[in-house]
Amino acid sequence: NAGVMQNPRHLVRRRGQEARLRCSPMKGHSHVYWYRQLPEEGLKFMVYLQKENIIDESGMPKERFSAEFPKEGPSILRIQQVVRGDSAAYFCASSENRDSWVNSPLHFGNGTRLTVT
Amino acid sequence: LAKTTQPISMDSYEGQEVNITCSHNNIATNDYITWYQQFPSQGPRFIIQGYKTKVTNEVASLFIPADRKSSTLSLPRVSLSDTAVYYCLVYSGNTGFQKLVFGTGTRLLVSP
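Protein chains in written order, with my numbering: chain A, 278 to 394; chain B, 585 to 696.
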């Protein structure tokens, strides 16, 4: 059973370009979470999605950032017009449905490291 | 969600038992305690979770006193490969992992 898959692992973008980060949750998982981690810091919650729905985007900047989790395909975190401050590791996690939270931990991918030059 | 506080760093030697204590004074009745491990350049990995008393699995034990205001992760006989950052987290049984708050964790260094 494959884990949470994120790609690309490393992404370099120039200032002003767009970055697209993809996340395929574990099989059977319908909840996806995106986190950002700066060096030497803990992970910061960005957005929580279920299939075709954004449940909570309170941790995501209102401008330039967007996320989706379509009915088919991976979840996408999109950053438009990137700036140097967007350089970070972006982690995606997935979980099963609501009734299984206690018995099913959150599973993380190995992240996408975005570097903005 | 309850805020957690844990030591910034700990040092140990191979073969020793390591205990990392986390305080979560404002834990709610339906909150659960979970611990994750993170290696450099990797995503956090689930270690163990519990609600009260003691939980043990193949890699660690988790001790939670009756008042649940703290918890202790116990790693028996650590090896060099246990060098990592360990996060103590509290999540709600009602809302799940929504807005899970990661602090800076405890950086464990295991030496030969």
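Just so you know, not all the hints are guaranteed correct.
Stated by the list, open to error - When the alpha-carbon atoms are kept at most 25 angstroms apart in a straight line, the in silico DMTMM-like pairs for lysine to aspartate or glutamate are as follows:
1) Lys-636/B to Glu-373/A
2) Lys-587/B to Glu-318/A
3) Lys-683/B to Glu-329/A
4) Lys-683/B to Glu-373/A
Everything labelled a hint here was simulated from the structure, so no lab data went into it.
Hint check:
no. : hint                   : verdict
1   : Lys-636/B to Glu-373/A : holds (23 angstroms)
2   : Lys-587/B to Glu-318/A : holds (16 angstroms)
3   : Lys-683/B to Glu-329/A : holds (19 angstroms)
4   : Lys-683/B to Glu-373/A : holds (16 angstroms)
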